[in-house]
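Engineer: Residue-level listing of the chains:
2 protein chains.
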Amino acid sequence: MTNPEKIVGVKDIAKALHISLGTVDRALHDRPGVSPKTRDLVLKTAEQFGYKPNLAAQALKLNRRLSVAIVLPRHISHFFDPLRDGIRTTAAAAVGVNLALEFIEYPRLGSGDLEAFRKAIQEHYDGIIFLPGDVRKYEPLARKAAQDGIALMCVGSDAPNTGRIGAVSVHASVSGAIAADLLSQNLTSRSEVAIFTGELSTLDHGEKLRGFAAALAMIAPHLTLRPALESHERPREAYRQAFEVMQTKNRPNGIYISTANSMPVLKALEELGLLGKIKVVATDLFRELVPLIETGKVLATLHQRPFTQGRVALENLLIYLLRDQKPQPIVQLAPHVIFRTNLCLFENQIGQSTGEEIEADFC
Amino acid sequence: MTNPEKIVGVKDIAKALHISLGTVDRALHDRPGVSPKTRDLVLKTAEQFGYKPNLAAQALKLNRRLSVAIVLPRHISHFFDPLRDGIRTTAAAAVGVNLALEFIEYPRLGSGDLEAFRKAIQEHYDGIIFLPGDVRKYEPLARKAAQDGIALMCVGSDAPNTGRIGAVSVHASVSGAIAADLLSQNLTSRSEVAIFTGELSTLDHGEKLRGFAAALAMIAPHLTLRPALESHERPREAYRQAFEVMQTKNRPNGIYISTANSMPVLKALEELGLLGKIKVVATDLFRELVPLIETGKVLATLHQRPFTQGRVALENLLIYLLRDQKPQPIVQLAPHVIFRTNLCLFENQIGQSTGEEIEADFC
DNA sequence: GAGCCTAACGGTAACGTGCCCGGAGGGTCA
DNA sequence: TGACCCTCCGGGCACGTTACCGTTAGGCTC
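Those protein sequence lines, which keep their order, are chains A and B.
In this text, residue positions in the first sequence follow the numbering used here: the first is 2, and each later residue adds one.
In this text, residue positions in the second sequence follow the numbering used here: the first is 2, and each later residue adds one.
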């Protein structure tokens, strides 16, 4: 509408300064072959004219092609499938770049993950999106890959000091703190609480534990925390631990399951007839969890927003690879707190998404 | 890396069929001047070759320029400022289109809003993003604008049956339901609860009320709801109503403030010495609310994610204007539930955002 | 001063698509 | 038969930017 300001291009600058397009281009991109004074002159006029490069033309001319590998487990598909979908969606919307995605899968965290990661590194992709499980084992590999010029983006957890260009995950210690908050709101009398965790060598799992413990100490002095139960992502182990701890005297009245596969623990609770009698806060959302939340047998679950994690991870990776500027290195999302009352907003993400009126993941 | 599939363009199709670029172009875009059989042949080959138009080249050639007006109140800036920021951020990332944004402001909802909207319509923007306050008054205007070919996008609330191309807001009835859920978790004994609402003629405000009442009836039979208190967004009125209702016998032990400006109600509570004694669920986040949440005087607040609302609104508007396909017509976001424990993830959005490590709004 | 080198710059093709112009061929009508 | 129109198609320019090559001026060596 009101559009008095004509759009200004390289040509306009060249014309104004009576120099050629090539010189302006070189000056703007800090390429050799321009004298310092012409360079400054060009930059000054560009600034003054409010020059913004035409991204479409730039993309067309450069005709960039990038290859990105996504190395994630096949297990816990209710988390990693939407994460992959978020990546695909972002890729489909990416304009001006020929993006080749390679989805590499391994059975589960801790079995085949390092091999898959190592293999991906050898393929020399432009970027790799991955979940650093056991940080100490990933560190040397990641550091080497980063030195080789491969852009690494962590999802689900982080691997600091490896040269990775960024990480996207849920804010882990806050997740733990929210769980503590919810339990303290729902347990008024003095009692014990327990936490079931997956793999403490994964950075974010440790953070969740610390956040949970710290928040309990701060805001819920009437709740005492039992030693953490680490299942190492083995379902049978988790089941056994749950069965055992719930039969001790002074059994916990509140439980926080901080790992994504919470079913073994819930199954043990059900068999002991304790579901609904104790307060449970879980993690993520999947089909079997839905009825438990609806009936109030699980108080709440902390949704880790895998779709958004995937979307942001690829977005930031592309920002790094295309423009050479760094985005925010670390993105720590706020988890969604799902109760029975807002459950309906998230159900469409389970299985084949049929929901039409609810945005994919915002949710 | 592994890239056997060459990218295929219009030229390749033309070469394969021994026809000219012009003909392929006409066939692909369903323009006249092509015989049906050549047209089908081209379409078939394009399908077979997996032809995807080069968006960068397309954008460059079309050189589209769009004008979008954003008509929102100046009041309640803690909500509308980040919403505008979300729009600006999306606009900055838009590639291949010369986007002219025009931010039009009016003092407050219900005073000057219709005039501003009417004026914007007369300027014949390509699209208008606005908040439909009193639905009945907006309907005729919006319907006329839609018929004039202006793409209307609602934020914050909806105006159905007006020909608007979409709406982005928080899921209103679920917001109300969450508030009910939280109060029922924190009020164990039989008691009364009250709801303070803004303007019931705004669609989403009515929905919040209905969702709150329905959830109370479903899951909290021990809580009885008082008649809704409608302040018509007038601070003094809200203050008066709060002061009055809290001095009745059988005063409510739980309060849900469903409008964005909750301070008058909270001020009344404070003056009566009731803050901390009764459970309060508020809406949105702003500076004065932070200490109240930190100290537990406000149990929780439902964050309406203005930044995301703005982002999604413009994204969908551009999808509609650039490609001529319709996006999801209605997006209903899940509100974020903010407790004292996850408050820190949202504080950076208040005032001048200093936070570096937290993504803008995901939060 | 001839020969050579290099820094600095000019000119232009090309990226893939959209669109306009014009030409060929066939049909209609005076 | 010639003038005219319509359909279908080929050819080519333009969008803004970048990469490449050619050109010039000026300094250097011997």
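Because the hints were derived from the structure by calculation, they are not lab data.
There could be a bad hint or two in this list.
When chains are identical, the list treats them as one kind, so a pair holds in a single copy or across two.
[To be verified] Dumping the calculated DSBU-like pairs for lysine-lysine here, alpha-carbon to alpha-carbon at most 35 Å: (1) 138 - 12; (2) 45 - 7; (3) 327 - 16; (4) 138 - 250; (5) 278 - 53; (6) 145 - 7; (7) 16 - 62; (8) 298 - 278; (9) 120 - 12; (10) 298 - 53; (11) 53 - 120; (12) 7 - 120.
Engineer: Compare the structure with each hint and give your call.
Structural biologist: Hints and how they fare:
no. : hint      : in the structure
1   : 138 - 12  : neither (53 Å within a copy, 49 Å between copies)
2   : 45 - 7    : within (18 Å within a copy, 42 Å between copies)
3   : 327 - 16  : within (33 Å within a copy, 42 Å between copies)
4   : 138 - 250 : neither (39 Å within a copy, 65 Å between copies)
5   : 278 - 53  : neither (62 Å within a copy, 56 Å between copies)
6   : 145 - 7   : between (48 Å within a copy, 31 Å between copies)
7   : 16 - 62   : both (22 Å within a copy, 22 Å between copies)
8   : 298 - 278 : both (8 Å within a copy, 29 Å between copies)
9   : 120 - 12  : neither (47 Å within a copy, 37 Å between copies)
10  : 298 - 53  : neither (56 Å within a copy, 49 Å between copies)
11  : 53 - 120  : between (41 Å within a copy, 31 Å between copies)
12  : 7 - 120   : between (51 Å within a copy, 25 Å between copies)
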